[in-house]
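Whole structure, please, built from the sequences with the hints as guidance.
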Amino acid sequence: MSETSPAVNGTESLMPSASERARLRNVRRLKDSISKWGITTAGLAVVGALGLIFFYLFSEVFPLMKDADVNVIESYPVSQVSSADNRHMVLERYEQIGASLTSAGSVEFFAADQGKTMSRTQLPLPAGAKVTSVGTSTPNERLAAYGLSSGEMLVTRIDYSLSYPNDQRKITPEVVFPLGEAPIALDPQGQSLRAVAVQATGRGHVLAGITADNRIQLGVYTSRTNMITGKVSTSGKVYTLPRLPDGAQAQIIQVDKTARHLLVADDSAQVHLFSVEKPAVATLTGSVATERGQITAMEFLVGTGSVVIGTEEGSVSQWLLVRNPNNIYHLLPTRDFDSLPGAITTIAPEYTRRGFLVGDSEGYLGIYHGTAARTLLVEQVADAPIEQLAISPINGKMLILDQAGLVQVTELWNEHPEISFSSLWQKVWYEGRSEPEYVWQASSGGDEFEPKMSLVPLSIGTLKAALFAMLFAIPLGIMGALYTAYFMTPKMRGLVKPTIEIMEALPTVILGFLAGLWLAPFLENHLPAVFSVLILMPLMMVMVGYGWSHLPQSIRHRVSDGWEAAILIVPILLTGWFCVAISPHIEVWFFDGSMRQWFTNNGINYDQRNALVVGIAMGFAVIPTIFSIAEDAVFNVPRHLTQGSLALGATRWQTVIGVVLPTASPGIFSAVMMGFGRAVGETMIVLMATGNSPVVNFNIFEGMRTLSANVAVELPETAVDSTHFRVLFLASLVLLALTFVVNTCAEIIRQRLRKRYSNL
Amino acid sequence: MKNWMKSGAPWIWLNGGAVALCIVMVVGLLGLIAIRGFGHFWPADIVQTTIINKAGQEKAILGERVRSEVIPAAVARDGGYEVASDVELITRFLIKEGNRDVSPRDFNWYLETGMGELNYPENAVSIERREWGNFYGFPQALTENGKVIATIDDENFWQELSQRVERSVDLHSDINHIEKVDIGRINHKLERMRLDKRRLELQNADSATMAEAEAEFSAQRAELDAQYLEVKAERDALYKLLERDSLLATIASGKETSIALQNIVRVTRPNAMGVFGKMGQYVERFWEFLTDEPREANTEGGIFPAIFGTVTMVMVMSIIVTPFGVLAAIYLREYAKQGPILRLIRISVYNLAGVPSIVYGVFGLGFFVYFLGGSLDELFYPESLPAPTFGTPGLFWASLTLALLTLPVVIVSTEEGLSRIPTTIRQGSLALGATKAETLWKVVVPLATPAMMTGLILAIARAAGEVAPLMLVGVVKLAPSLPIDGNYPYLHLDQKIMHLGFHIYDVGFQSPNVEAARPLVYATALTLVLLIIVLNLTAIRIRNSLREKYRSASD
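Protein chains in written order, with numbering that gives the first Met the number 0: chain U, 0 to 759; chain H, 0 to 554.
If you are wondering where the hints come from, they were derived from the structure by calculation, not from laboratory data. From the three backbone atoms N, C-alpha and C, an ideal C-beta is built for every residue, glycine too. Be careful, since some hints might not be right.
[As the list claims (entries may be wrong)] Ranges between beta-carbon positions, derived for each pair: (1) D77(H) to I603(U): 46 to 52 Å; (2) T228(U) to W131(H): 52 to 58 Å; (3) N225(U) to E233(H): 35 to 41 Å; (4) L477(H) to R753(U): 46 to 52 Å; (5) D77(H) to P332(U): 21 to 27 Å; (6) E73(U) to F379(H): 37 to 43 Å; (7) Q113(U) to E211(H): 43 to 49 Å; (8) T599(U) to T249(H): 41 to 47 Å; (9) L29(U) to L429(H): 17 to 23 Å; (10) P103(H) to N225(U): 33 to 39 Å.
[Claimed, not checked] In silico DSBU-like pairs for lysine-lysine, Cα to Cα no more than 30 Å straight-line: (11) K441(H) to K754(U); (12) K30(U) to K336(H); (13) K30(U) to K441(H); (14) K231(H) to K476(H); (15) K35(U) to K336(H); (16) K490(U) to K548(H).
Printed below as a string of structure tokens:
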């Protein structure tokens, strides 16, 4: 190939050579495809990132719906870790050390994973006495009571101390005697104790036992440790409770943490509730039949507000201690869970949640949660009847002991049992309440707090806020849009539209701050003005219009049609001023000086930051959304339609009603939906203009707590990946889905409308 | 009348009224913010009067009149005041009495009845202090190290006072500079050294390198410690100088108090000032508001860190959102295969603009902060764990979240701009032999730049006003330092920032003394509103001129 192109007319051509041209073509092609692929990648990445929001939120919420999962990692014979018959088993919070409480009166600690005995503590049993029963407190107190054949009782607690030699965590378990090493004579007659219970209460340790001859004994003991000698001195008293009616044999006994209630299950499928607030005059307040067969296991859940009862038929039910209006407690069957096939043998409540594990005589394991009324797992884990279940305080591991003497160490996944459809969306009967309720109270100081995570109050609050905002915004937005698009002169329209656009751009934090700090006190002091404005403002507009039509033509013709809005501005200001100025007088004349006080006296709650304030402030934020979309729809109604109507003799308003509105109605509807979507998700205004209390009503003078404000308030303070955290994600997902659906519908309607206009 | 009703005219008037009402509300709201916000800086006169308190005793009061309102007499009677029974309505005044160190409440309502004559004494001063809020009273004497050097009767008292106040303010700013900049730099270096060492440990460096590094570190540390001592000595000397002067003054009740001059920011005598003097004050205060740091739990002083934080965050956001938004729009308009799926995607993207902002905040916290940030920390900043670097809310995550939030705005606006470009222009370019990429980058995109600008400005306006998501992903009420400073790496993306919108929420709703904070909140709100209105008007103007341009181009 030649180096240069042939010279033409003596001048050199600027055209590159063929090879150069080929190279350039390649470069250009390369650039073209780079551009194509680059843009496509970036575009898809952006679309993907936006889609990721959905997937991520869903992935955070998904574990809430997952049931529990149990996985056996190790098993060994119980004889390896327990030298005598095991009566009770526990697992500590680091899930390393198990403890076996034996019938020989010893506590044996073992490495849970390997099944190797680590240490053994023999309890100081009196000579000749044998352990006849073992009872425990709620697990977080770590108390165990040994009933002895001598009618005495020994109370122990297992303490774990942590140390870090060589930067390694070392757990040292220790058996302590909170009531001293000497047994307490629960039965002065010295009969052996068939069943015992213990609980640490505000009044000291409460001990209870059933003697061999079916008497029910109750002891209330306090102990004091001498600071110098370290000696424990114990004082207390023993009471004998009334016998069970009809000669029923008591089988299982439990005491609650308030030291007020004592429960006894008998051999005739009945539960008896004793009031032991004053132990000397303890009375039987009620007996209920389970109607589910003979009771074989009964345990309090943490907090002791409710008890779980298992029967020989395999039914599992939760009973609440409910107070009636006369202040008398009774047991109420609140929830039934999925039954197990065999008779219930053991119930193990969790340490901090209202969850519990149940084993049956067929080797089935059930995992349940009380508040959520949820059955998380029913699975056969053993071939022999299950004897003991020991769950760790952090619910990550569990020991299963069956009658064949096999200990199974299992891993447990049960992170979010508190959430079910019913706990989120239905009325739930919480402990300590007198009826089922919708409550949102997700966290509190105490360990034994029952989280109340009903989304209903928040959803109602959201709808309430949106509703009042729409009540304010729809009339103003749509009427304003109609007027602007159809009646207003173009000149004024050029001023009005940017003003409304500015209104849309106002940060909601400013609206919220004005609503909370200026509007709320203002409305509180000028309540009558709200009502007088509602009545007087429209009246004044019509009257001004009527007056205008009767003005002499010379004046009227100076201002052309389409300037009505401008004419009205001064009367509006005057009316507003008048209503505010007369408001204190109205209060004096009709409401004894204060309308707010008058409301309170008439049984209407009045919060300073209420739905009315939110309605106005959020309405203000929503008006521009509704206005601009509706205005667009009305303005784009084809002219020939309206002109035809006018030509046929209809008045301007008749044209609006007969032609414009029907044609533009889908657009107006989509405007309202868009506005609703905005109102539902608005956060700052609600956060600042209400008291954020989750009430379930539609009272305009009370506040609310919305989904979005709730997320903003609580999310920064929750533990990552906790149930509460995920429920807040669920709330966000609900918001996202709701607004997305509403907006999509609105958008589709608008597109349809646009197509229709182009066909007209 | 009947005919008039029948014609539908009342409805037209009602509709017109709705528009008028909206306009009145917008203008009224902006006016309210403007008046309250601008009014904050005007030096108010100090009023002196007497009132009869609930116990029936006369009490002298001195302070600024904040506002007044008319209330039914019944309310006052409920409040424990004696009001004559024939009175229906009474006026009451809110007086800012200041002096929080003397009396617990600095804002008090007083009824008009029983109020004595209103005086405006010339010598009354309002003193802005670094703590305890404003002081209102009458200065009596200036002391230096306990010795009186000038009294109110002296000719040069005011001059002397203002000179000495100026001196202490200067000293104060010197100390501030030392503490913020010099000591801050030393601390920063020490912290980096600690992290370097920890990194070496984590990398399991052999003992020789460790020893070498150790030696270097201890040399550096010794040097820094020496520097620190030097700086500290300098600062302590300044503190000594500061303690020299104080001012003796009496308050309304006649009680004498002493105010250390180091506590004083500004002394003004509004009653003795002319209009021009007040205007000077006004400008000075306004400037201070924009450039100073907040004091007294954000209720006094300036909002500079909030402005700076907002601007930095918005700038980082713009850098992220512009390329992605524009590229996505170009993809959707120019490259993607048009069809039902694309329509669905487009509607979805548009609708994301309507998704509540708090949802973005939740996503940002969960995905960006905890997931991405946590992973980044493990990969790149293991030395500072368990203290998180990026695994905690901060500037970068705030910007990224807002970028995601404003992405639809930029996409929508850019797409609109692209669709407005007449096909003739495109075809002309293609007919001349340009490739698609060349047409795009050299013809279409330059023409659509104004649309992109509009989108970006709207995005900035939206981002500047958004608060809810920021509460979750990186905005705090009081950030210890600015996100940009003289220490490496200069722009601290991991730092928490202050923000104008959040400042409004925090000061207005979380501060213990709402009444004292109120004027400042209005002023902050005004700043934010002005910023956003200016941005929006710019966007609207660009858009309008753009429309004009293409109308002529397509003709």
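Here is what the structure says about each hint:
For the pair D77(H) and I603(U), the supplied restraint of 46 to 52 Å is violated, since their beta-carbon distance comes to about 19 Å. The supplied range of 52 to 58 Å is met by T228(U) and W131(H), whose beta-carbon atoms lie about 54 Å from each other. For the hinted restraint 35 to 41 Å between N225(U) and E233(H), the CB-CB distance of approximately 59 Å leaves it violated. For the pair L477(H) and R753(U), the beta carbons lie near 50 Å from each other, so the given range of 46 to 52 Å is met.
For D77(H) paired with P332(U), a C-beta distance near 51 Å fails the hint of 21 to 27 Å. Here the CB-CB span from E73(U) to F379(H) is close to 38 Å, well matched to the stated 37 to 43 Å. For Q113(U) and E211(H), the hinted distance range of 43 to 49 Å is satisfied, since their beta carbons lie about 45 Å from each other. Between T599(U) and T249(H) the C-beta distance comes to about 45 Å, which sits within the given range of 41 to 47 Å.
Checked against the hint of 17 to 23 Å, the C-beta distance between L29(U) and L429(H) comes to roughly 19 Å, which is consistent with it. A hinted range of 33 to 39 Å is violated for the C-beta pair P103(H) and N225(U), which are about 48 Å apart. Of the supplied pair hints, the one linking K441(H) and K754(U) is violated, its CA atoms being roughly 33 Å apart against a limit of 30 Å. For the proposed pair K30(U) and K336(H), the alpha carbon gap of about 20 Å is at most 30 Å, so the pair holds.
Our distance criterion of 30 Å between C-alpha atoms is met by K30(U) and K441(H), whose separation comes to about 13 Å. As the CA atoms of K231(H) and K476(H) are separated by approximately 29 Å, the hinted pair is consistent with the 30 Å bound. Restraint check for K35(U) and K336(H): satisfied, since their Cα atoms lie roughly 13 Å apart, inside the 30 Å limit. The suggested pairing of K490(U) with K548(H) holds, with an alpha-carbon distance near 21 Å, which does not exceed 30 Å.
In terms of the numbered hints stated before, the structure departs from hints 1, 3, 5, 10, 11, listed from lowest to highest.
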